[in-house]
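Heads up: the protein sequence lines correspond to chains A and B, in order. Be aware that the first sequence starts at 0, since it is given in numbering that gives the first Met the number 0, and climbs by one per residue. Be aware that the second sequence starts at 0, since it is given in numbering that gives the first Met the number 0, and climbs by one per residue.
Calculated from the structure, these hints are not laboratory results. Glycine residues also receive a C-beta, built at the ideal position from the N, C-alpha and C atoms. Misleading hints may appear alongside valid ones.
[Stated by the list, open to error] Covered stretches of chain A (in silico footprint by chain B; criterion: 3 or more residues with CB under 8 Å from a CB of chain B, positions within the stretch not fixed):
1. 46-56
2. 67-77
3. 93-100
[To be verified] Going by beta-carbon spacing under 8 Å, a handful of chain B positions derived as facing chain A:
4. VAL18
5. MET67
6. ILE77
[What the hints assert, rightly or not] Just a sample of chain B residues kept apart from chain A, beta carbon distances all over 10 Å, derived:
7. THR28
8. GLN98
9. GLU216
10. ASP324
2 protein chains.
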Amino acid sequence: MALIVQKFGGSSVANAERVMNVARRIIDTYRQGNQVVVVLSAQGDTTDELIEKAMEISDKPSKREMDMLLSTGEQISIALMAMAIEKLGCKAVSLTGQQAGIYTNSFHTHARIERIDVKRVRDELAAGRIVLVAGFQGVNENGDITTLGRGGSDTTAVALAAALNADLCEIYTDVDGIYTADPRIVPNARKLKDISYDEMLELASLGARVMHNRSVELAMKYNVNLVVRSSLNGHEGTLIKEEAEMEKTMIKGVAYDKDIARISILSVRDVPGIAFKIFKLLADADINVDIIIQSIGRGDTKDISFTIARSQLTEAVDLINKNLDYIGAEGVNFAHDVAKVSIVGAGMANHPGVAAAMFEALAKEDINIHMISTSEIKISCLIHKDETEKAVKAIHEQFGLGEAGEE
Amino acid sequence: MALIVQKFGGSSVANAERVMNVARRIIDTYRQGNQVVVVLSAQGDTTDELIEKAMEISDKPSKREMDMLLSTGEQISIALMAMAIEKLGCKAVSLTGQQAGIYTNSFHTHARIERIDVKRVRDELAAGRIVLVAGFQGVNENGDITTLGRGGSDTTAVALAAALNADLCEIYTDVDGIYTADPRIVPNARKLKDISYDEMLELASLGARVMHNRSVELAMKYNVNLVVRSSLNGHEGTLIKEEAEMEKTMIKGVAYDKDIARISILSVRDVPGIAFKIFKLLADADINVDIIIQSIGRGDTKDISFTIARSQLTEAVDLINKNLDYIGAEGVNFAHDVAKVSIVGAGMANHPGVAAAMFEALAKEDINIHMISTSEIKISCLIHKDETEKAVKAIHEQFGLGEAGEE
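Assemble the whole structure, with the sequences as input and the hints as a guide.
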């Protein structure tokens with residue numbers, strides 16, 4: 000008998016019909032002889048509706064009260080799912096984050112799980128019940144309700160799987176699994192059978208929006224076997240695990256991100272401490288920096304460029320302009336019409352030809368590269384936004400990642 | 000510094016504008032130097048919408064899961080109210096039933112409060128916060144969420160007032176207070192300045208739908224000073240307390256109830272144990288009996304009549320018909336076109352003229368009396384439903400209860 004944790008997102012439980020469909024799928028897993036713990040998100044637009052209610056009252060509601068408000072969404076989902084499962088003849092019980100023993104720190108709206116007391120969940124499983132846990136929420140040591148922020152329900156599922164030492168954690172979503180590239184851009188993109196945590200982390204941070212990195216990191220830390228699969232069909236999905244089969248497919252996939260902007264700070268003095276000044280300023284303003292490139296100093300100055308989320312561009316440029324003297328820079332320029340395309344794969348660093356092949360693919364399409372950044376398992380190029388699709392297709396083709404060109 | 004518990008119903012917090020209005024009223028009380036605990040119901044139709052969601056999934060959802068579902072309604076209200084109060088510049092904190100320490104037994108959907116651990120509420124008050132408590136809900140010893148059933152939020156308010164030894168418990172509703180008769184029927188009905196718990200209990204059970212009896216009983220048991228007043232204006236309301244001013248106004252008011260039906264069981268044998276058989280049958284079927292009249296036996300048979308809620312008439316008649324042999328009765332008849340009019344007032348039993356005056360009022364209007372039932376502090380008459388308004392007006396006039404005829 001295996002213990003399986005399943006997570007279903009908000010669109011999977013958006014109405015009564017979908018709730019019943021998911022209930023049948025859960026029961027299938029249960030009737031195959033497994034113990035089943037299910038983590039649910041709030042139904043469809045519920046969270047947005049609750050946020051709107053709050054905004055009608057205050058443009059800056061306290062975070063504690065937002066958590067009190069928003070946590071009701073998941074609570075509604077678990078109650079309805081328990082009813083659906085019972086209606087179909089199986090025993091079920093719904094548990095809030097608190098009842099499931101999910102203890103977090105007190106950072107309301109973006110709390111971190113500190114520990115999970117699994118006694119209640121274990122007792123309910125032992126009693127033959129399917130256990131439905133409200134995702135996205137926990138409780139701090141004062142008994143106050145907290146929420147986990149972005150990717151919260153995935154995090155709940157992975158954390159529960161880790162704490163319960165589950166055999167498998169299945170993340171049901173609206174895609175079939177992890178692909179070698181966005182299938183909307185590359186029609187012959189291939190679904191990966193498996194991928195390593197590291198590679199998944201890079202793909203996610205590079206724009207593949209299947210799972211939030213936080214839950215992948217947690218899975219890696221506790222060695223939880225994760226499967227990403229579709230709630231709409233019975234397809235197999237992609238297994239995310241410690242080590243994918245070594246060296247079988249070096250390049251795992253092509254990712255892109257259009258929601259970024261590039262900022263360059265010009266002619267800063269080439270002395271120690273400048274980068275610290277710049278990025279401390281940005282960090283204090285809660286602006287997340289992605290790629291950073293620093294040119295080699297020429298004379299006694301150098302340029303520093305970096306990318307950030309496009310939504311933070313104005314704020315970041317204002318901040319830097321105000322602090323040009325403090326930083327000791329001549330000026331700042333920026334571009335909002337950029338995109339990042341990346342390839343990801345373990346062992347890339349040991350194959351010098353990989354980077355060259357990627358640049359070749361872009362060159363053949365006459366795509367100019369603005370910035371380059373590499374790591375152990377990824378290479379990213381900043382290009383003009385309008386050329387994103389062309390670039391992704393070219394790179395995908397170059398590495399023979401498609402169905403026809405399987406290695 | 001007084002400690003005041005206030006309770007606002009669902010219509011008082013139905014939308015953002017009303018939430019802000021109630022927030023201002025709460026802050027007024029706080030700024031007058033009081034500690035304030037506020038109990039809230041779910042917004043407007045929220046509870047009905049949640050019930051509908053459940054019904055789309057199961058026609059008989061488990062009670063535990065219904066409680067899990069419905070308790071979210073009050074949780075939304077308290078979070079929004081906390082935001083509103085904070086927006087207006089005061090400190091506030093919302094607490095679920097569990098966080099407020101409200102422990103109940105495990106009878107889901109109609110749980111009873113067993114104890115309240117007020118530590119958290121006291122701590123929050125001491126920190127200068129206005130405390131918003133979700134009405135209608137608590138938690139059992141397993142940490143499962145329970146709801147209190149009908150009149151639940153009033154019960155939460157009174158129980159909290161008792162546990163906190165509050166100076167006052169204000170129930171805000173859509174009426175100004177307790178009137179000598181329904182103002183829609185008797186335009187010159189007078190608002191009572193005060194009324195005793197006993198009298199309020201009789202008025203409520205006789206059809207005055209201002210407060211649920213359960214919360215009045217609780218207030219009486221713990222000697223909580225209750226005030227019923229309107230959330231729509233600043234009027235004074237009616238104080239419900241241990242002893243109203245003795246003998247000032249003997250008759251407190253006229254009440255009526257049209258949602259009843261009369262059943263008569265004919266020619267049962269005049270031997271011991273018959274009434275037990277009948278009312279045990281009804282109790283086992285969860286049918287609440289109100290007035291019971293048993294005629295004096297003539298020969299070796301007697302008739303037994305009683306009233307019940309009209310919604311249970313069919314069920315009750317079917318049940319009795321099936322058990323005629325067991326009961327030993329000849330037949331059953333019933334009437335659904337009846338209503339009950341009653342007068343309530345302490346000391347009535349010592350004034351023999353009161354009953355006569357009530358019957359005189361009905362006689363003058365040519366209203367036939369089907370059944371009569373009396374107690375220490377009330378007299379009820381069963382009449383034809385169509386004559387209810389006429390009867391209430393006549394009785395109100397007879398006892399000079401109106402504004403003009405104040406004693």
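A quick look at each hint next to the structure:
no.	hint	in the structure
1	46-56	holds (count 5)
2	67-77	holds (count 7)
3	93-100	holds (count 4)
4	VAL18	holds, 6 Å
5	MET67	holds, 4 Å
6	ILE77	holds, 7 Å
7	THR28	holds, 20 Å
8	GLN98	violated, 6 Å
9	GLU216	holds, 30 Å
10	ASP324	holds, 39 Å
Hint check: a violation occurs at hint 8 only; the rest are consistent with the structure.
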